[in-house]
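As a plain string of letters, each chain reads:
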Amino acid sequence: MPVLVFAESANGTFKKSNFEAVSYGARVAALLNTETFVIDFENLSDDVLKSLGDYGATKVYRVTNDALKNFDAGLHAKVLNDVAQKLNATTVIFSFNYSGKAIAPVLAAKMNAGYVAGAIDIPVMEGSTMKIRKNVFSGKAIALYAIHSDNKIIALTPNTVAPEKTENKCSVENLEIAIKATDSKVKVKEVVKASGKITLSDADIVVSAGRGLKGPENWGMVEEMANILGAATACSRPVADIHWRPHEEHVGQTGLTVRPNLYIALGISGAIQHLAGVNGSKVIVVINKDPEAPFFKAADYGIVGDVFEVVPKLNEAFKRFKAGA
Amino acid sequence: MKFLVCISKAPDTTTKIAFTDNNTKFNNDKVVFIVNPYDEWYALVRALELKEKLGGSVTVINVGAADTDAIIRKALAIGADDAVRIDAEPIDAMFVAKQIAEYVKANAYDIVFCGKETIDYNGSEVGGMIAGLLDWGYVSLASSLELNGSIATLNREIAGGHETVEVNIPFVLSAAKGMAEARIPNMRGIMAARTKPVAIVAAVASENYTSILSYELPKEKTGVKLVSADNVGELVSLLHNDAKVI
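Chains as they are written, first to last, in the working numbering: chain A, 1 to 325; chain B, 1001 to 1246.
By construction, these hints were calculated from the structure, which means they are not laboratory data. Do not rely on the hints blindly, as some may be mistaken.
[Said to hold, decoys possible] Subject to a maximum C-alpha distance of 30 angstroms in a straight line, what follows is the list of computed DSS-like cross-link-like pairs (lysine-lysine):
1) B:Lys1025 to A:Lys297
2) B:Lys1025 to A:Lys289
3) A:Lys322 to A:Lys214
4) A:Lys282 to A:Lys16
5) B:Lys1221 to A:Lys189
6) A:Lys197 to A:Lys15
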């Protein structure tokens, strides 16, 4: 009974979160003494699909059907359920990203599976029970879950379990799955993506700013820092609420949750709701003129100082570093 | 149009998280419970706005014991017409979804609204599971919703942007920021909520899918290392050499 991994590329290229999910699937498969099959819905080339073998995929099944070009969580779940039945699979792995969050719960209902949404470590088996950790209370605690049902679905939180490379033994095979017109219920009419910008949800470095910037006209130095570091830009809730910055940039309890390797907070005090959206970051740097700002308690590195003085100097230092690196 | 809004009880966002019974239970002591913000601010308010424009009714549904009465009354005070409480302690997301799906099968609704996630277990699960159980369309992380007859147009968040989708009723959505602005109940709403009907419905049986064995708190940060504002080069060096993140 193989482990299935759903891998969705970014415009035809696999990225770190895909490698993490495949490598994770391979480690779950090793626990269950079985194989790791990746499922592709995008009709990608053999070479691109085979690259997933570097992370432990033993086979990639390419489901070729034009209906799957239209993202519909219900349709994707229906097809994955059919694939699981055809391949006799009882465990399915997703990345806990936009698509995984949409498809996995629908599939859990269809497969009658126990589902852990947002796992942060490799599971442990105890008989047929799978034990696995996930963040709860917006990162303020960790819970140890048990999945009791025979069918199991796990969505892995990005940037929590590093992918491991292995010898590539991967092959690619096509798989026919019948789709009826009535299986597709949600039709995508238009896709709008900011071009040329680094996507906030999977950025390695995030430069974020808050009310300490005093006005939207002062964001030049924030964007400059992001450009130098190859980072995405983010903001605190008040800044999005007063429309200094677009809502897509709002990180925090009611906005986006980010888990970059480096989170740099400029002029953000660090309210508990903001911390809930960023506390999974590996390293946090806080620059704030108020030494009592609560954010310093959650930070790894800090500078107490006026952002208008510190940030331009820091940008020059980052530039020198990048020029020398 | 008949709208059903799923609401969950969640600890207030400023709650200090602690556990009891050898770290196997969440410590409810002195915790203020609220309507899960995504359910209230976005799902419920958008359902009310559409009802005000197009007519129909808004029912809120909660799976919980009698202690959820306060959050049900809050939702009624904001403007829901009536409420249903499935009388059971929620075990996990699938348990909740099964209860709601069974209720929907017996009572025709056009749209089931959920929040995009609860702020306690952060799973983003219940909406998708209801859709899967009912075999209805599902639109996750929706930031807008317009209705034109039986066709709904929604924006949903995707990596690096959004997409516009169309779906016929009936369907399920999970609501994210942008869908509506939070409403504060007024005195008339609070008074009216006291007498609005709340139906108590017995739970249906469900398998045991998942359970929580124990909780732990994340490792505390070892403390911030402060760098002088006059020596920003030191920060660059620390991020490169010690933290190895640039």
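Results for each hint:
Of the pairs offered as hints, the one joining Lys1025 of chain B and Lys297 of chain A holds, with about 27 angstroms between alpha carbons and a cut-off of 30 angstroms not exceeded. At most 30 angstroms may separate the alpha-carbon atoms for a hinted pair to count; Lys1025 of chain B and Lys289 of chain A exceed this at roughly 40 angstroms. Simply put, Lys322 of chain A and Lys214 of chain A have alpha-carbon atoms about 29 angstroms apart, close enough for the 30 angstroms limit, and the pair holds. With a C-alpha separation of about 16 angstroms, the suggested pair Lys282 of chain A and Lys16 of chain A falls inside the 30 angstroms cut-off, and the hint holds.
For a cut-off of 30 angstroms, the pair hint linking Lys1221 of chain B to Lys189 of chain A is broken: about 45 angstroms separates their Cα positions. As the CA atoms of Lys197 of chain A and Lys15 of chain A are separated by approximately 16 angstroms, the hinted pair is consistent with the 30 angstroms bound.
In terms of the numbered hints stated before, the structure departs from hints 2 and 5, listed from lowest to highest.
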